[in-house]
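**Q** Here is what each chain is made of, one letter per residue.
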Amino acid sequence: GESVGLHLPTLSVQEGDNSIINCAYSNSASDYFIWYKQESGKGPQFIIDIRSNMDKRQGQRVTVLLNKTVKHLSLQIAATQPGDSAVYFCAERGDYKLSFGAGTTVTVRA
Amino acid sequence: NAGVTQTPKFQVLKTGQSMTLQCAQDMNHNSMYWYRQDPGMGLRLIYYSASEGTTDKGEVPNGYNVSRLNKREFSLRLESAAPSQTSVYFCASSIATYEQYFGPGTRLTVT
Numbered sequence: 004g005e006s007v008g009l010h011l012p013t014l015s016v017q018e019g020d021n022s023i024i025n026c027a028y029s030n031s032a033s034d035y036f037i038w039y040k041q042e043s044g045k046g047p048q049f050i051i052d053i054r055s056n057m058d059k060r061q062g063q064r065v066t067v068l069l070n071k072t073v074k075h076l077s078l079q080i081a082a083t084q085p086g087d088s089a090v091y092f093c094a095e096r097g098d099y100k101l102s103f104g105a106g107t108t109v110t111v112r113a
Numbered sequence: 197n198a199g200v201t202q203t204p205k206f207q208v209l210k211t212g213q214s215m216t217l218q219c220a221q222d223m224n225h226n227s228m229y230w231y232r233q234d235p236g237m238g239l240r241l242i243y244y245s246a247s248e249g250t251t252d253k254g255e256v257p258n259g260y261n262v263s264r265l266n267k268r269e270f271s272l273r274l275e276s277a278a279p280s281q282t283s284v285y286f287c288a289s290s291i292a293t294y295e296q297y298f299g300p301g302t303r304l305t306v307t
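From first to last, the protein sequence lines stand for chains A and B. All residue numbers for the first sequence refer to the numbering used here, where the first residue is 4 and numbers rise by one. All residue numbers for the second sequence refer to the numbering used here, where the first residue is 197 and numbers rise by one.
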C-alpha cells in the first residue's frame with residue numbers, strides 16, 4: 004500500500020541552529036500534507052500544513068517545502084530551541100484519510 | 197474549550213477482558229478517528245467516522261469495534277483483549293479530512 008516515511012529516525016541539533024526534517028511520500032495523488040509534533044507522553048500537535056498546489060509555506064519559525072517532482076516533503080525549524088525536542092511526523096492525505104510516517108526524534112543539544 | 201478528551205488515561209487488562217475507550221470533542225467536528233501508536237512506529241488508523249451515523253474500517257480494525265454515539269462522542273471497544281493490543285490509543289477529530297486534532301491518549305497494557 005501507500006506509505007509515508009521519514010529519511011532519518013533521529014536528528015541531533017545544536018540549540019540555535021536550524022533543523023531540517025525530511026519526509027518521502029509515495030502517493031503521487033496525495034493533495035494535502037501535514038506536520039505534527041509529539042512531545043513525550045502527549046498527543047500529536049499540529050505544526051503546519053501545505054496543499055499540493057503549493058511548494059512552500061511559512062509559519063512561525065517553521066517552513067514546509069514540498070517537491071512533488073521527487074515526492075519529498077521537508078520541515079525547517081529556525082533557531083531550534085530546547086522546547087523543539089520531540090518526535091516529528093509527516094502525514095499525507097489520500098483516499099480521504101491521513102497516513103503517517105514513523106517519525107523523526109529531534110534532540111536539541113544545549 | 198477542552199478540545200479532544202479521552203478516558204481513561206491508563207488501563208491494565210488481562211487477556212480476554214473487555215473494555216471501552218471513550219472519546220469526546222467539543223469543536224463541532226464532523227469526523228472522528230481512532231489510532232494506535234506502537235514504539236518506533238507512526239500512527240495507524242483503526243476506525244474512523246466521517247460523519248455522525250457512519251463508521252469505516254481503517255488499516256488495523258481487527259479485534260476492535262466502534263460506536264459514533266453522537267456528533268461529539270466516538271468510542272472504541274475491545275471485546276476480548278489480547279497482548280498484541282498493548283499500545284497507546286489516540287482519538288482525533290477534524291472538520292473534514294484535513295487537520296486533525298488529537299487527544300492526550302490512553303495507555304493500554306494487556307497482560
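Just so you know, these hints were derived from the structure itself, not from any lab. One or more hints might be untrue.
Here are some chain A residues the structure puts well away from chain B; computed CB gaps all over 12 angstroms [claimed, not checked]: (1) G46; (2) P85; (3) V90.
Each pair of labels, with its calculated beta carbon distance range [what the hints assert, rightly or not]: (4) B/E255 / A/S31: 30 to 36 angstroms; (5) A/T13 / B/T250: 23 to 29 angstroms; (6) B/Y294 / A/T72: 31 to 37 angstroms; (7) B/N258 / A/S29: 20 to 26 angstroms.
For glycine and all other residues, C-beta sits at the position ideal for the given N, C-alpha and C.
**Q** All hints, please: hold or fail.
**A** Going down the list of hints, with the structure as the test:
Remark: the non-interface label on A/G46 conflicts with the geometry, its nearest Cβ contact in chain B lying 4 angstroms away (cut-off 12 angstroms). The beta carbon of A/P85 is kept farther than 12 angstroms from every beta carbon of chain B, the shortest such distance being approximately 22 angstroms. With 12 angstroms as the threshold on Cβ separation, the claim that A/V90 sits away from chain B is violated: the shortest Cβ distance comes to roughly 9 angstroms. The hint said 30 to 36 angstroms for the Cβ distance between B/E255 and A/S31, and at roughly 20 angstroms that hint is violated.
At about 39 angstroms, the beta-carbon gap between A/T13 and B/T250 misses the expected band of 23 to 29 angstroms. Checking the proposed 31 to 37 angstroms range against B/Y294 and A/T72 shows it is violated: the Cβ atoms sit about 24 angstroms from each other. In this structure the supplied range 20 to 26 angstroms holds for B/N258 paired with A/S29, their Cβ-Cβ distance being about 24 angstroms.
Violation of the numbered hints given earlier is confined to hints 1, 3, 4, 5 and 6; the remaining hints are satisfied by the structure.
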